[in-house]
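Engineer: Now for the letters of each chain:
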Amino acid sequence: MSALRFVLFFGLVLLSDLGLALEWDDNRLSAFGTLGLVQSSNDVLVFRRDVTQKTGSSDHKLEWANDSLFGAQLDTRWSDQFSTTLQLVAKERIHQSVQNSVEWALIRYRPLDSLDIRAGRLGTDIFMLADYRQVGYAYAWVRPPQEFYGLLSFYHFDGMDITKKFHFDNSELTTKIFYGGSHETYPIDIDAQNTFKLAFKGGGFTSVLEKNNWKYRISYADVTLTNNNPSLLVDGLRSVSALYPPANAIAQAYVTKNQHLKYFEAGLSYDNNQWWAQAEFTQLNSDIAILPSAQVAYISGGWRFQKKSVFATYSNIRPTDELTHYPLPSGLPSPLQENISALVNGAELGVNMTRSDQHSIGIGLRWDFKPKMALKFQVDKFFVEDFGASIWLKKNNQLVTTNQNSLVSSVTLDFVF
Amino acid sequence: MKLQHLIIIFLLSFSPFTRADILLIVNAKNSIDKLEKKQVIDLYMGRVSVYPNQQPAQIFDIKEGSPLREIFYRLLTGKTEAQVDAYWATLLFAGKMAPPKQLSSEKEVIDAVHKNPHGMAYVRSQNLPTTVKVVFEISDNDEQ
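In order, the protein sequence lines correspond to chains C and L. The first sequence begins at 62 in our numbering and counts up by one. The second sequence begins at 105 in our numbering and counts up by one.
To be clear, the hints were calculated from the coordinates, so they are not data collected in a lab. There may be inaccurate statements among the hints.
[As the list claims (entries may be wrong)] List time: in silico DSS-like cross-link candidates among lysine-lysine, alpha-carbon distance up to 30 Å: (1) Lys225(C) <-> Lys183(L); (2) Lys237(L) <-> Lys183(L); (3) Lys106(L) <-> Lys205(L); (4) Lys106(L) <-> Lys183(L); (5) Lys258(C) <-> Lys152(C); (6) Lys152(C) <-> Lys272(C); (7) Lys455(C) <-> Lys272(C); (8) Lys219(L) <-> Lys272(C); (9) Lys323(C) <-> Lys276(C); (10) Lys433(C) <-> Lys142(L); (11) Lys368(C) <-> Lys138(L); (12) Lys183(L) <-> Lys276(C); (13) Lys276(C) <-> Lys138(L); (14) Lys141(L) <-> Lys276(C); (15) Lys237(L) <-> Lys431(C); (16) Lys272(C) <-> Lys142(L); (17) Lys258(C) <-> Lys318(C); (18) Lys142(L) <-> Lys369(C); (19) Lys431(C) <-> Lys200(L); (20) Lys276(C) <-> Lys142(L).
Computed from a prediction, not measured in an experiment: that's the story for all the values here.
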């Protein structure tokens with residue numbers, strides 16, 4: 062956070078030194094928001110929009126906290142080349158603070174029309190909707206597909222990016238490279254009695270080709286985790302490794318520090334103003350057993366008529382690897398054998414419970430009943446496999462390892478101004 | 105009316121220059137005299153922020169809910185106002201680009217272009233002051 066503050070402070074000092082007279086005309090205040098209600102039928106799984114959320118709906122309980130939010134943004138144009146953007150988003154969070162509410166805080170330098178250099182707190186663009194996933198008004202669905210955007214809940218990072226646009230006769234190529242760091246705290250259980258923190262550092266690129274009604278995109282990111290989370294389980298395993306050597310390797314499954322995560326994403330969209338279709342695929346490769354490698358994809362399409370739009374979506378997330386099985390000790394005296402077995406079983410369960418293995422189908426309707434406002438209805442059926450529910454919380458924090466279904470109904474009112 | 109006059113009027117009615125419904129105007133001092141449709145679209149959709157001569161562009165829009173705005177975007181891009189607003193939300197709230205400034209009336213945008221050497225706006229076909237000039241015309245026949 063101090064690097065961010067430095068960049069912003071330095072930038073603002075620089076700009077004010079340039080003696081630029083700032084009029085209100087050069088300031089623009091805008092806002093976006095969503096009022097949402099969601100209801101999930103399953104009585105042991107708790108539905109949430111993404112894995113940063115500590116509460117959600119289960120057993121038909123109506124929940125507003127998952128999709129409701131309000132964002133305000135101040136854009137200031139300091140000169141033809143320099144501008145700044147500050148965006149704050151108010152929503153349900155584990156730790157509420159003004160600092161945590163800052164979504165973007167950036168300085169943009171545009172030396173040429175086709176070149177943008179930004180520094181501060183930025184979005185990554187590594188997924189199609191990455192930078193506007195919280196702006197419901199910008200897309201047809203009630204929320205971006207949960208399998209895809211629920212797990213990959215990377216909102217912003219502190220660092221810099223460079224974007225270059227290439228204009229051709231009937232197409233446009235935009236390429237961005239970025240580098241920076243980020244951290245996020247995730248709830249392990251309902252109301253975040255226990256949490257898990259991940260800090261990342263890394264970079265990547267995104268390339269988007271727009272031609273006629275088509276958009277083609279690829280992006281790649283490679284991040285290193287820079288922290289570990291304290292774990293009694295890991296301590297316990299290491300302490301018995303002299304008696305049972307495999308315990309060390311098992312403990313390693315929980316180590317995140319200095320481990321790598323790599324994302325590769327490809328996406329496609331088509332929109333001829335009448336109907337649209339969109340698909341994304343991500344391959345997540347991880348060195349870390351508790352952040353397992355996975356393939357994620359979705360495809361969606363819709364039809365617009367008058368002020369309404371109907372759409373349907375299929376999405377899927379699948380772990381790359383089979384369930385983990387650790388060998389149990391044998392030939393050790395009681396109660397040592399039972400105690401070590403308990404640790405090993407606990408570790409195995411812990412790793413398997415981090416898997417996301419589910420798919421869903423959904424249909425919905427969006428109605429643009431007023432300028433800059435939209436009402437949306439959506440129904441999704443989720444099919445979650447054994448040991449596949451890590452995107453969901455568990456009611457009463459119980460253990461859920463068997464396959465589950467849920468019918469999730471949602472309604473949102475989205476607006477911008 | 106003489107027959108020749110009637111024939112001329114009849115023939116003129118096919119000329120694109122008498123059927124323009126919307127005019128794109130810039131400041132008379134702007135060195136740009138003419139823009140192509142793609143260039144107008146790129147400017148109004150934020151794909152570029154400069155004129156073809158690399159001079160900065162200050163684009164003006166009309167307030168949403170106005171019939172002129174709805175027709176303008178439909179004829180230029182084929183999109184409804186809601187689609188245009190949703191499109192801009194993906195750029196504005198991503199910290200990438202801000203949409204054109206919206207003014208309440210045609211009179212205000214003409215005034216803004218008159219005052220701003222980099223300004224550009226769209227208005228219905230009408231007599232315009234000499235401080236602004238037309239660089240592109242959209243007619244009802246141009247429906248996407």
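Engineer: Look at each hint and say if it fits the structure.
Structural biologist: Quick rundown of the hints versus the structure:
1. Using a Cα cut-off of 30 Å, the hinted pair Lys225(C) and Lys183(L) holds, with the two alpha carbons roughly 26 Å apart.
2. Restraint check: the Cα-Cα separation between Lys237(L) and Lys183(L) comes to about 26 Å, which is no more than 30 Å; the hinted pair holds.
3. With a CA separation close to 49 Å, the supplied pair Lys106(L) and Lys205(L) exceeds the 30 Å bound.
4. At roughly 44 Å between alpha-carbon atoms, Lys106(L) and Lys183(L) are farther apart than 30 Å, so this suggested pair is violated.
5. Of the supplied pair hints, the one linking Lys258(C) and Lys152(C) holds, its CA atoms being roughly 19 Å apart against a limit of 30 Å.
6. A hinted pair counts as satisfied when its Cα atoms are at most 30 Å apart, and Lys152(C) with Lys272(C) does not qualify at roughly 36 Å.
7. Restraint check: the Cα-Cα separation between Lys455(C) and Lys272(C) comes to about 45 Å, which exceeds 30 Å; the hinted pair is violated.
8. Simply put, Lys219(L) and Lys272(C) have alpha-carbon atoms about 36 Å apart, too far for the 30 Å limit, and the pair is violated.
9. Between Lys323(C) and Lys276(C), the direct Cα distance comes to roughly 23 Å. Compliance with the 30 Å bound is thereby established for this hinted pair.
10. Taking the CA atoms of Lys433(C) and Lys142(L), the gap is about 26 Å. The hint holds against a cut of 30 Å.
11. At roughly 35 Å between alpha-carbon atoms, Lys368(C) and Lys138(L) are farther apart than 30 Å, so this suggested pair is violated.
12. For the suggested pair Lys183(L) and Lys276(C), the alpha carbons sit about 17 Å apart, so the restraint of at most 30 Å is met.
13. A hinted pair counts as satisfied when its Cα atoms are at most 30 Å apart, and Lys276(C) with Lys138(L) qualifies at roughly 29 Å.
14. A distance of roughly 21 Å separates the Cα atoms of Lys141(L) and Lys276(C); the hinted pair therefore holds under the 30 Å criterion.
15. As the CA atoms of Lys237(L) and Lys431(C) are separated by approximately 34 Å, the hinted pair breaks the 30 Å bound.
16. Among the hinted pairs, Lys272(C) with Lys142(L) is consistent with the structure: their alpha-carbon atoms are about 13 Å apart, no more than 30 Å.
17. Between Lys258(C) and Lys318(C) the alpha-carbon distance is near 11 Å, which keeps this suggested pair within the 30 Å criterion.
18. Using a Cα cut-off of 30 Å, the hinted pair Lys142(L) and Lys369(C) holds, with the two alpha carbons roughly 28 Å apart.
19. Restraint check for Lys431(C) and Lys200(L): the C-alpha separation of about 26 Å stays at or below 30 Å, so the hint holds.
20. In summary, the hint linking Lys276(C) to Lys142(L) is supported, as the alpha carbons are separated by about 17 Å, within the 30 Å threshold.
Going through the hint list in order, the structure does not satisfy hints 3, 4, 6, 7, 8, 11 and 15.
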